[in-house]
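Enquirer: Numbered as in my numbering, the sequence shown ends at 232 without a single skipped number.
Please keep in mind that the hints were generated in silico from the structure rather than gathered at the bench.
Since the model is a prediction, treat every value here as computed from it, not as a measurement.
Please note that a few of the clues may not be correct.
Computed cross-link-like contacts, DMTMM-like style, restricted to lysine to aspartate or glutamate with a CA-CA straight-line distance of at most 20 Å [what the hints assert, rightly or not]:
{"no.": "1", "residue 1": "K214", "residue 2": "E182"}
{"no.": "2", "residue 1": "K214", "residue 2": "E179"}
{"no.": "3", "residue 1": "K214", "residue 2": "D184"}
Between beta-carbon pairs, the in silico distance windows are [unchecked claim]:
{"no.": "4", "residue 1": "V152", "residue 2": "T121", "range": "44 to 54 Å"}
{"no.": "5", "residue 1": "P158", "residue 2": "V180", "range": "42 to 52 Å"}
{"no.": "6", "residue 1": "I129", "residue 2": "G149", "range": "29 to 39 Å"}
{"no.": "7", "residue 1": "H175", "residue 2": "L196", "range": "56 to 66 Å"}
{"no.": "8", "residue 1": "H202", "residue 2": "E164", "range": "29 to 39 Å"}
All C-beta atoms, glycine included, are put in the ideal place defined by N, C-alpha and C.
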Amino acid sequence: MSTATFELAATSSEVLNVIAAFVGGMVIAGALVWAVQFGMRVRDRELPRPTPDEQTHLPDTGPVHELREVREPDEVPHSEGRERLLPHDLHHAGSRRSEDQNRKRWLPGKSGSFGGGGIGHA
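Please model the entire structure based on the sequences and the hints provided.
Expert: As structure tokens, this is what we get:
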């Protein structure tokens, strides 16, 4: 084969690469246009958004506030001499309201967290 044949083959390969890239770009652009049109059709079929009058409002009594209380764990009873306990044998709640509602406070000399990285108080 002559040099001209190799140059012609290389040139035709480059032209094919350009054509393939152009066709691939057109396919991607067509897919994007189709996706936008499809999304617009789906959105047109959805229910309209609620008007401001249809939005939820605060109750007449005002906003609801959270309730803070100290809870104590409800110990799991031991099943000595009986079959093992199943979930339906336990109480309905995992904790109960504590008689003493005073919150536990931080004491100087006690760690605030495990592995906090500090040297602590001696």
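Enquirer: Could you run down the list of hints and mark each one as holding or not?
Expert: For each hint, the structure was consulted:
no., hint, in the structure
1, K214 / E182, "12 Å, holds"
2, K214 / E179, "12 Å, holds"
3, K214 / D184, "19 Å, holds"
4, V152 / T121: 44 to 54 Å, "47 Å, holds"
5, P158 / V180: 42 to 52 Å, "48 Å, holds"
6, I129 / G149: 29 to 39 Å, "31 Å, holds"
7, H175 / L196: 56 to 66 Å, "38 Å, violated"
8, H202 / E164: 29 to 39 Å, "38 Å, holds"
Violated hints amount to a single one, hint 7; each of the other numbered hints is respected by the structure.
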